[in-house]
Structures are given as structure tokens and as C-alpha cells.
Amino acid sequence: MKKILRFILPIILYSFSTFTIQAQDRPNIIFILTDDQPYGYMGVTGNTIVKTPNLDKLTNEGVLFTNAHITSAICTPSRVSILLGQYERKHGVNFNSGTSVSNEAWEQAYPMQFKKAGYYTGWIGKNHAPVGKGGYQSGLMEKSFDFWYAGHGHLTFYPKKHHPIFKNAEFDTQVEIIDEGVTKFLDINEQKFEGAVQFLEKRPRDKPFMLSINFNLPHSASTRTMQQKESDDDIYKSLYRDLDIPLPDNYIAKADIKTPKLPASIHRVEDRQVGYSFVDTPEETKERYIRQMQAMTGIDRLVGNLRKNLKALNIDKNTIIVFTSDHGLYMGQQGLGGKALCYEITTHVPFVVYNPKLKKKKRGVKNDALVQSIDVAPTILSLAGEPIPEAMQGKDLSKIISGEKIAVRDYVYTENLWSTQFGNPRCEAVQNKEWKYIRYYKNNTFPASKKIKTAKDLGIIEKNMLYAVHDSDIAIYRDYIESPLQGEEPVYEELYNLKNDPSELHNVISKKEHNAILEQLRKEWKNQITIARGTENPKVYRYTIDSQLETSDKVQLE
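Taken in order, the sequence shown gives residues 1 to 558; the numbers are from this note's numbering.
Please note that a few of the clues may not be correct.
[To be verified] Derived pair list, reagent style DSS-like, types lysine-lysine, alpha-carbon separation capped at 30 Å:
1. K453 x K442
2. K202 x K317
3. K57 x K357
4. K463 x K57
5. K362 x K405
6. K453 x K207
7. K51 x K357
8. K311 x K115
9. K433 x K453
10. K359 x K308
11. K258 x K442
12. K308 x K361
13. K451 x K258
14. K160 x K258
15. K361 x K405
16. K57 x K258
17. K453 x K261
18. K366 x K399
19. K362 x K399
20. K317 x K399
21. K399 x K116
22. K362 x K317
[What the hints assert, rightly or not] Simulated restraints on C-beta separations:
23. P356 x L243: 19 to 29 Å
24. T48 x I509: 30 to 40 Å
25. A264 x D410: 46 to 56 Å
26. K317 x D368: 23 to 33 Å
27. L243 x P263: 16 to 26 Å
28. K317 x A264: 52 to 62 Å
29. R522 x K143: 42 to 52 Å
30. K511 x D410: 16 to 26 Å
31. K359 x E513: 43 to 53 Å
32. L466 x K359: 50 to 60 Å
33. P260 x K360: 48 to 58 Å
34. I509 x D368: 48 to 58 Å
Just so you know, the hints here were simulated from the structure itself, not pulled from any lab data. Ideal Cβ placement from N, Cα and C applies to all residues, glycine included.
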């Protein structure tokens, strides 16, 4: 019955929408963000196994940016970058930063800009951006939206257990809980939705809306908790399990690694988070890939339901949809697992803009312009006819989408400042359409393996030992931001010809024939990192285990 109900919802909604929706000059905006989704996880981006017909259709009716990159390849800094339209080096918020987004900075975020412009705003799914004094405990995010139906941190595949806000949802699985929330948000006849934080009884007919839909999938924090429960949809129990699933290109099992991709002195693989250990064996890698594809097909069905509901409400022709991911993920390629690196697999993401008002000849376009996740906020504001805050560093892509421009930048800049006990290196990269230059710094972080041993010896909770960020860590993180600008030299460098070597298998930095391009990119690195840093101090609050214990006996570790 539940499965049938999900598909007749558009019909029910249609029966409520026989009236004509009041015409709006301004478009509705829906922004959809997935988690850990690499570029090639949809049929339209080249995957021949995964079933994503609705995402493929959306893409073929819109514009697909084929050369889109995030700015920081890990959840929190990437999501804050999207919200604020800023590089991490400017906004200064990460898991290891000991900070949260200040009220002043939050006022410039795209949701607040839309709210000020008179939009009805909603946030559904996952939030992984600490905002306000006290971060996730501040309540500022919840109060910032007209409709809030979300959980802070990881949702897992079955969110009800960890997030009470979802306890009354009809379904148990993440995608379907989010789908239910989206349907309730859209229905102008729906009275207050049990569980959601709402400041109006229902969505006003005469206001445009801005809805952010945020998944915690296909992230491993959710896919590893999938249990094939009897109540799960068949998608999550049996889909793809009858197929011969291939390993990723260039996959190397842990036992077969002869020469690590990066020197052990800067990338300590043995300290990698255990959540990515599935990449060590072919069997576990294939199992996780199946679960990721199942999640993608579930997300795809939500997108199909969404578009049916928009059509039933007669607002489909005035609703812009933007779809992207917060970063990619290594699945054992070249022996690597996880993210927080500057390689294509972690930074290259799908980026789709569907604008129903765009002329048909401008749709179905694949555009290879260099674009970034920080471009989302200024672009959707521009498409809505709203001003772009000066604090935003991203570019407005609206003229590329309309075909009036061919480029907004010549180089993409990415960085990783999440260098912690888990062994990932500090690194920065600058690239154009043909070449990429990456530089790495000395890795002096204390090993997770030693922290874990001490925790076991003394009976300390391992999570507390590994994830608690103290006041002293703020100084370390800020040094990560400033040191390269103050002359810190790299200890290792890479140069890749992306045109001939898109998988970044061959570091050609030692080849003399490439010296000219290397020097050009080194100079451009200095230019790009200076731009990324900006001139002001990050607008942040202190948000550490110490600050939390001063104000509450409850803490949240991420």
C-alpha cells in the first residue's frame, strides 16, 4: 500500500490544484544536493549499470556542466562553501577548524538572501554545516527556514533512530522520508506537517519558494547501515544483485598495492577512517557499489516524483531545479579510499541546471566550462533576479546557461585543509581544461592508530579520542590556512595532463618538456590561493568540545 500511495500522490495533489496558481514573476528554486556522489554515478554521465531515468531526463532537458568541481572534498567545508559561495580558506569552517558559521556570515548565505527577498524557504534532509553560536545546538538553522524537516550530522539509512524529527514519518528509509517531506512542503493544501518545524500552517500560494533538498546518500555513513529489512523497498533489497558488478577502473586491492599513490610520509593510509576499509577487498567494494547504485536509483525516483508533483500543481514551468553533489569518493582506484584529496575522483561532480524558461534549443546541452560548487549560490540568486552579496566568491553562471557567455574562469582551485589524525595531507590544486598542478605540505599530524591504542589501554571512548576538537586545534587549523601564503614550501608536487591522462595515473612533474606549464601553474597557484583566502578574517564563532562543555552537558562530535 505504501508503494502505491507514493505514486498516486501526484494524482491527489492534482485534485487539490484545479484552481489556477497565481502567476509569479519570480521563479521557484529547488536545489538538490547528494553526498559522496562522483561524476559517473548516473546514466547520463556514462554509467551503464545504474538506473537513473529521471535524472537523465532532467539533465537532457537542462544544462549539464561536465567540468564542475567542488572546492573542498569533504562534507562540512564543501557544504558551507555552497551555502556561502566562498572557498573554505575564506569561510574557515571544517571538522577540524573548531569553528561554526557566525550569524553575520549566515545572513549572506543563499537561504537567507532568498528569505529576505520574500521567498518561502524550506530545508529537508541532512544538515552538515554548523551555524550560529553553539553550532548544531544553536537552533539558528531551524529558525532560519519557514519549513525545516532535517537532522544535523549523518542521517544513516534509517534516520528515525538518530533524529526524532523523523519519528512520525510514514517510511523508515532515508530517501523515502525526504520524499515525504518534499511532498508535504509542496502541497499548498497540507496543514502543519507533524514533525517538521513550520512557522506558517502551509505554503502560501502567492509566494515563490526556495527549497533545499539534502541527502546523506550515497555516502558510506548511510550505505553501510543498509540492512535489507523486510519493510525496505525492493530497490534496496534486490536491485543490481543479479548482475556481474565490475570493479572500478584502476582498482587495486590493499593486498596488491606495491607502490602507494602518494608517499607514506604525507599520506598515512594506515590511519584512514575505518568507514572506508571496504575498499581493501574486491568483494566489499562491489557490495558497497551495489548499495550506492541502489541509493542513486532511490534518489532518482524521488526526482521523478518531484517533477510529477510540480506538474500536478501547475508550477513546473516556473520552477528551476539545480542538482549536484558535495564531492566524489575513492572506491579503491589506485589503492585509495575516501576523499579529502585534490584528485578528479574526489573533486569532479555532476552539476545540472534545469530552467523550464530556457529556450528549447538551449536545453540538452553538455557544457565543459570550468565551474565550481561556489557558483551555485550566485547563480540561483541571479536566476531569481536577486542581487548577489559581495561576500560571495563564486561566479554567476546564468549567462553560460543561456548561451551568452562561454566561460567565467580560466582555472579551478581546490584544496584540502582536513589534515588530521586520519592521515590525509594538506594539499591545494590549480587546473585548467588540460593540466592540473597539486602541491602537498609536511604532514605532522598525530596518528589515529596511536590514539586508538591509548583509548583502548585506558578505557576511553574511541569516538571521543578521535573526534573531539579542542580550542588548541583552532590555532593549528588557522596555521594551515595562512602558512602557504606566508612562504611554506611544498614537500611533494604532482603535474597531470588531464587531456591525455584523465585518471591521473602518471605524474609528469619530472619531465623537463613540461617545465613551462609547471611554472605557469605554480604562478597561477599563488594567484588562486590569494583570491581564495580573501582579505578579511573568517566570520566564525568558536565551536569546540571546550566551548560546548562550558554551555551545555550535551556535545555533538562529527
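Evaluated hints:
1. For the given pair, K453 sits about 24 Å from K442 by alpha-carbon distance, which is consistent with the 30 Å threshold.
2. A threshold of 30 Å between alpha carbons decides the hint, and for K202 with K317 the separation of about 22 Å falls inside it, so the pair holds.
3. At most 30 Å may separate the alpha-carbon atoms for a hinted pair to count; K57 and K357 meet this at roughly 16 Å.
4. Distance check on the hinted pair: K463 and K57 sit about 43 Å apart at the alpha-carbon level, beyond 30 Å; violated.
5. A C-alpha spacing of about 12 Å is found between K362 and K405, which places the hinted pair at or below 30 Å, so the restraint holds.
6. For a cut-off of 30 Å, the pair hint linking K453 to K207 is broken: about 57 Å separates their Cα positions.
7. Distance check on the hinted pair: K51 and K357 sit about 27 Å apart at the alpha-carbon level, within 30 Å; holds.
8. About 24 Å separates the Cα atoms of K311 and K115, which keeps this hinted pair within 30 Å; it holds.
9. Between K433 and K453 the CA atoms are separated by roughly 45 Å; this puts the pair beyond 30 Å, and the hint is violated.
10. For a cut-off of 30 Å, the pair hint linking K359 to K308 stands: about 21 Å separates their Cα positions.
11. At roughly 23 Å between alpha-carbon atoms, K258 and K442 fall within 30 Å of each other, so this suggested pair holds.
12. Taken as a hint, the K308 and K361 pair is honoured in the structure, with Cα atoms around 23 Å apart against an allowance of 30 Å.
13. Restraint check for K451 and K258: satisfied, since their Cα atoms lie roughly 27 Å apart, inside the 30 Å limit.
14. Between the alpha carbons of K160 and K258 the distance comes to roughly 44 Å, so the proposed pair goes past 30 Å and is violated.
15. Straight-line distance between C-alpha atoms of K361 and K405 comes to about 16 Å, which keeps the hinted pair within the 30 Å bound.
16. Between the alpha carbons of K57 and K258 the distance comes to roughly 43 Å, so the proposed pair goes past 30 Å and is violated.
17. About 27 Å separates the Cα atoms of K453 and K261, which keeps this hinted pair within 30 Å; it holds.
18. Between the alpha carbons of K366 and K399 the distance comes to roughly 15 Å, so the proposed pair stays at or under 30 Å and holds.
19. Under the criterion of a C-alpha separation no larger than 30 Å, the hint pairing K362 with K399 is consistent with the structure, at around 11 Å.
20. Proposed proximity of K317 and K399 is supported: the alpha carbons are some 20 Å apart, at most 30 Å.
21. A distance of roughly 24 Å separates the Cα atoms of K399 and K116; the hinted pair therefore holds under the 30 Å criterion.
22. Distance hint between K362 and K317 is fulfilled; the C-alpha atoms sit about 16 Å from each other, no more than 30 Å.
23. Checked against the hint of 19 to 29 Å, the C-beta distance between P356 and L243 comes to roughly 35 Å, which is inconsistent with it.
24. For T48 paired with I509, a C-beta distance near 34 Å keeps the hint of 30 to 40 Å intact.
25. Separated by about 35 Å at the C-beta atoms, A264 and D410 break the suggested range of 46 to 56 Å.
26. Checked against the given bound of 23 to 33 Å, the beta carbons of K317 and D368, roughly 28 Å apart, stay inside it.
27. For the hinted restraint 16 to 26 Å between L243 and P263, the CB-CB distance of approximately 38 Å leaves it violated.
28. Range check, K317 to A264: Cβ separation about 56 Å, and the 52 to 62 Å hint holds.
29. Between R522 and K143 the beta carbons are some 46 Å apart, a value that agrees with the proposed interval 42 to 52 Å.
30. In this structure the hint that K511 and D410 lie 16 to 26 Å apart at CB holds, the actual value being about 23 Å.
31. Take K359 and E513: their Cβ atoms lie about 45 Å apart, and the range 43 to 53 Å holds.
32. About 53 Å separates the C-beta atoms of L466 and K359, a value consistent with the hinted range of 50 to 60 Å.
33. At about 50 Å, the CB distance of P260 to K360 agrees with the hint of 48 to 58 Å.
34. A hinted range of 48 to 58 Å for the beta carbons of I509 and D368 is inconsistent with their spacing of about 25 Å.
Hints 4, 6, 9, 14, 16, 23, 25, 27, 34 from the earlier list are contradicted by this structure; the remaining hints agree with it.
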